[in-house]
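Enquirer: One letter stands for each residue in the lines below.
Protein chains: 6
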Amino acid sequence: MSGKPIVPLVEYEMASDEVRAVYDDIMATRKSDWINNFWKVLAHDPPHLRRTWESLKEIMGLGGALDPLTKEMIYIAVSVTNGCEYCTYSHTASARAKGMTDAQLMELLAVTGKANETNRLANALRPPVDVQFEPRG
Amino acid sequence: MSGKPIVPLVEYEMASDEVRAVYDDIMATRKSDWINNFWKVLAHDPPHLRRTWESLKEIMGLGGALDPLTKEMIYIAVSVTNGCEYCTYSHTASARAKGMTDAQLMELLAVTGKANETNRLANALRPPVDVQFEPRG
Amino acid sequence: MSGKPIVPLVEYEMASDEVRAVYDDIMATRKSDWINNFWKVLAHDPPHLRRTWESLKEIMGLGGALDPLTKEMIYIAVSVTNGCEYCTYSHTASARAKGMTDAQLMELLAVTGKANETNRLANALRPPVDVQFEPRG
Amino acid sequence: MSGKPIVPLVEYEMASDEVRAVYDDIMATRKSDWINNFWKVLAHDPPHLRRTWESLKEIMGLGGALDPLTKEMIYIAVSVTNGCEYCTYSHTASARAKGMTDAQLMELLAVTGKANETNRLANALRPPVDVQFEPRG
Amino acid sequence: MSGKPIVPLVEYEMASDEVRAVYDDIMATRKSDWINNFWKVLAHDPPHLRRTWESLKEIMGLGGALDPLTKEMIYIAVSVTNGCEYCTYSHTASARAKGMTDAQLMELLAVTGKANETNRLANALRPPVDVQFEPRG
Amino acid sequence: MSGKPIVPLVEYEMASDEVRAVYDDIMATRKSDWINNFWKVLAHDPPHLRRTWESLKEIMGLGGALDPLTKEMIYIAVSVTNGCEYCTYSHTASARAKGMTDAQLMELLAVTGKANETNRLANALRPPVDVQFEPRG
Chain A
10 MSGKPIVPLV EYEMASDEVR AVYDDIMATR KSDWINNFWK VLAHDPPHLR
60 RTWESLKEIM GLGGALDPLT KEMIYIAVSV TNGCEYCTYS HTASARAKGM
110 TDAQLMELLA VTGKANETNR LANALRPPVD VQFEPRG
Chain B
10 MSGKPIVPLV EYEMASDEVR AVYDDIMATR KSDWINNFWK VLAHDPPHLR
60 RTWESLKEIM GLGGALDPLT KEMIYIAVSV TNGCEYCTYS HTASARAKGM
110 TDAQLMELLA VTGKANETNR LANALRPPVD VQFEPRG
Chain C
10 MSGKPIVPLV EYEMASDEVR AVYDDIMATR KSDWINNFWK VLAHDPPHLR
60 RTWESLKEIM GLGGALDPLT KEMIYIAVSV TNGCEYCTYS HTASARAKGM
110 TDAQLMELLA VTGKANETNR LANALRPPVD VQFEPRG
Chain D
10 MSGKPIVPLV EYEMASDEVR AVYDDIMATR KSDWINNFWK VLAHDPPHLR
60 RTWESLKEIM GLGGALDPLT KEMIYIAVSV TNGCEYCTYS HTASARAKGM
110 TDAQLMELLA VTGKANETNR LANALRPPVD VQFEPRG
Chain E
10 MSGKPIVPLV EYEMASDEVR AVYDDIMATR KSDWINNFWK VLAHDPPHLR
60 RTWESLKEIM GLGGALDPLT KEMIYIAVSV TNGCEYCTYS HTASARAKGM
110 TDAQLMELLA VTGKANETNR LANALRPPVD VQFEPRG
Chain F
10 MSGKPIVPLV EYEMASDEVR AVYDDIMATR KSDWINNFWK VLAHDPPHLR
60 RTWESLKEIM GLGGALDPLT KEMIYIAVSV TNGCEYCTYS HTASARAKGM
110 TDAQLMELLA VTGKANETNR LANALRPPVD VQFEPRG
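Quick mapping for you: the protein sequence lines, in order, are chains A, B, C, D, E and F. With the first letter of the first sequence counted as 1, position 1 gets the number 10 in the working numbering; the numbers rise by one all the way through. With the first letter of the second sequence counted as 1, position 123 gets the number 132 in the working numbering; the numbers rise by one all the way through. With the first letter of the third sequence counted as 1, position 8 gets the number 17 in the working numbering; the numbers rise by one all the way through. With the first letter of the fourth sequence counted as 1, position 46 gets the number 55 in the working numbering; the numbers rise by one all the way through. With the first letter of the fifth sequence counted as 1, position 16 gets the number 25 in the working numbering; the numbers rise by one all the way through. With the first letter of the sixth sequence counted as 1, position 93 gets the number 102 in the working numbering; the numbers rise by one all the way through.
Honestly, the hints are just simulated from the structure, not real lab data. From a predicted model like this one, the values you see are computed outputs, not experimental measurements. Treat each hint with caution, since some may be false.
Same chains, same names: a pair is fine if it fits in one copy or spans any two.
Simulated pairs of lysine to any residue, SDA-like, Cα-Cα distance not exceeding 25 Å [said to hold, decoys possible]:
| id | residue 1 | residue 2 |
| --- | --- | --- |
| 1 | 13 | 43 |
| 2 | 40 | 71 |
| 3 | 13 | 71 |
| 4 | 66 | 12 |
| 5 | 40 | 143 |
| 6 | 40 | 12 |
| 7 | 107 | 24 |
| 8 | 107 | 25 |
| 9 | 107 | 74 |
| 10 | 107 | 76 |
| 11 | 13 | 110 |
| 12 | 40 | 107 |
| 13 | 107 | 23 |
| 14 | 40 | 137 |
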């Protein structure tokens, strides 16, 4: 393995105004004083950086139908299913910062593991969808 | 597409005592009077049927660190990420039976979609894991 | 299989003004007079509908570093790798509407298949990343 | 993580004539003087090495319906979707050697990310395939 | 869902000589008198058809280090993990034709399911690779 | 990348009696004197540790319809398809301990690679399932 990012990290000091505006909003929203490396690589495409951050802020924040910790745990479940190393470390850290206990993490993973198992049993044996499961309407 | 299951459905009437014992426990646990097709195909391997049901009952039930609805939503996130059709229909139906609203479903999917997107951006650009995200201990 | 959508299709006639504004922009951008079913299910979450459409319009359109047909072909490669049925039909149709020939489709699929094969050979045999492949900078 | 390959690298010096013939063709085709590690692990199965190289040469080369750079970019999109680290480094390097700019890379990844997102929204909401998208013939 | 193939089936009667030569070899190798639909869609790219068939014949046949039934079962495990419907039906049928019993199928699926589960537990918890598991050499 | 596990390793010395009972059974079953790191991270959820080990012991052991080496090879095929690094190292080591030769490994990977390729060709071209492949009954 290499360990080097595919594009250099765009540090705050060398960033354009467009990128700095996003970095500033990330830090203000999170009440933190640093930017994690995911954004520093995405910054090579400033409009994509801005769109991705704004969508994420809107989706992951307060005021929706799900609380922020539940959403971080769903993020972990997906990242683990896809095997994304960076995302597993970063979203586990975020979920812990939002109060996730180790007991909750382990139970989340038990569910994630079991879903990955039964997904394949259904893929393999091809049971017809029961009429009771059909959506109404 | 075919639509036929890979092995015939094992209906209650023709099931062995070992299989019926599992079917009875499924219905008693769920307070329902029918068995969904997933179990009817799995019943061709009775010990596997029993193990899968018992694990699932233990993992998905009450009394853990996460509530049952949160766990059903995690199940949906994984099933959708893997593209399992049967599992998407069955776990969406289960989550709705446990009170999931359409607003919660749509928000869960916004998170699931975004995680699948950013997982690939991280896979592609390979940002190093920030030291702030490293697990303690 | 069921064939029914998980949530009802939101047809133009019953859509809210917020949804209609997105539908109108989709039709104007595409110079077409109909809305495909993907948007009609996403419309149950109007802000998500709007964000998804606006990102897609910005990413897939003219004026970027890649031409629109190349981008549709990349979309097909990903959809096929993930096994998404709806996306395979819809993006193949879009790419054909933008001029993709059957020869181009078949060659795109030869590449996609080969990448899926060699990805697993590399996952399995774990060759170290050659220093010649390390990103500069 | 280990970092060691699962089987030792077969260096040119210790390679059989059958393997050397493939190595020689790789270097001649690429006008280079080295062999990357992917081939050195695959060389433990000489017929598989030969078949894989010959298919890849035929598929990825000049003279097809798609130009070689477009094909490298499709390879990146698939490798990133699958999370293959070696393939991401090697095909990004190859695409850059064929002229891919950072702007093209970032746009390719925006498309890849968005496809991974919308694939899951379609998997989840199960919109029926529109009749307008049905293949003719 | 649509159910229509993306490109029309190339039937023997309308096939070019190049395609017929492959079809004839498929039927001769399998001692059968029909061609399954996978080859009939791939036939739109005759060199790709030929290469894919010849690789598959070489890999899946007699005389290797693994017997043909074991190889069909590995094919099922992969197809089920990827959720490929056509491949699941076709390779299950092929494995049965080579003698796979339902008990073998169910055990293969128990292993496949369990591997999919523990893969995600390892992806999530990131245990270091034990030195005892490091490849020699 | 980080390389640190998400939760600390639970070593035998600090383990609870419940965890030690599982560790003892793992070592007795395998006739070994050490525990690999996968179990040491799973030990943070002792009932999950026990369930996972007991299922795995039952599924992977002697006395089933498939021999233990075949099952380890299926495990490798799945782990490689999913890109699980830890699982690839650990199950390759297990399979070698059970007698897998390098020739068998390379042939298993040729099949796994080819299945991943043809799965995508079928996902893309959507051939209808042939009636000859439909399950009986």
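Enquirer: Please go over all the hints and tell whether each is borne out by the structure.
Expert: Hint check results:
1. 13 <-> 43: Close inside one copy (20 Å) and across copies (22 Å); limit 25 Å.
2. 40 <-> 71: within (14 Å within a copy, 35 Å between copies)
3. 13 <-> 71: Intra 35 Å, inter 31 Å, cutoff 25 Å: neither.
4. 66 <-> 12: neither (28 Å within a copy, 29 Å between copies)
5. 40 <-> 143: So residue 40 and residue 143 pass the 25 Å test across copies only (20 Å; inside, 45 Å).
6. 40 <-> 12: So residue 40 and residue 12 fail the 25 Å test inside a copy (29 Å) and across (28 Å) alike.
7. 107 <-> 24: neither (29 Å within a copy, 28 Å between copies)
8. 107 <-> 25: neither (31 Å within a copy, 28 Å between copies)
9. 107 <-> 74: Both, since 17 Å and 15 Å are each at most 25 Å.
10. 107 <-> 76: Close inside one copy (10 Å) and across copies (17 Å); limit 25 Å.
11. 13 <-> 110: between (32 Å within a copy, 18 Å between copies)
12. 40 <-> 107: Result: close within a single copy only, 13 Å intra versus 36 Å inter.
13. 107 <-> 23: Neither. Shortest intra-copy (31 Å) and inter-copy (28 Å) distances fail the 25 Å Cα cut-off.
14. 40 <-> 137: between (50 Å within a copy, 22 Å between copies)
Hints 3, 4, 6, 7, 8 and 13, counting from the list given before, are not met by this structure.
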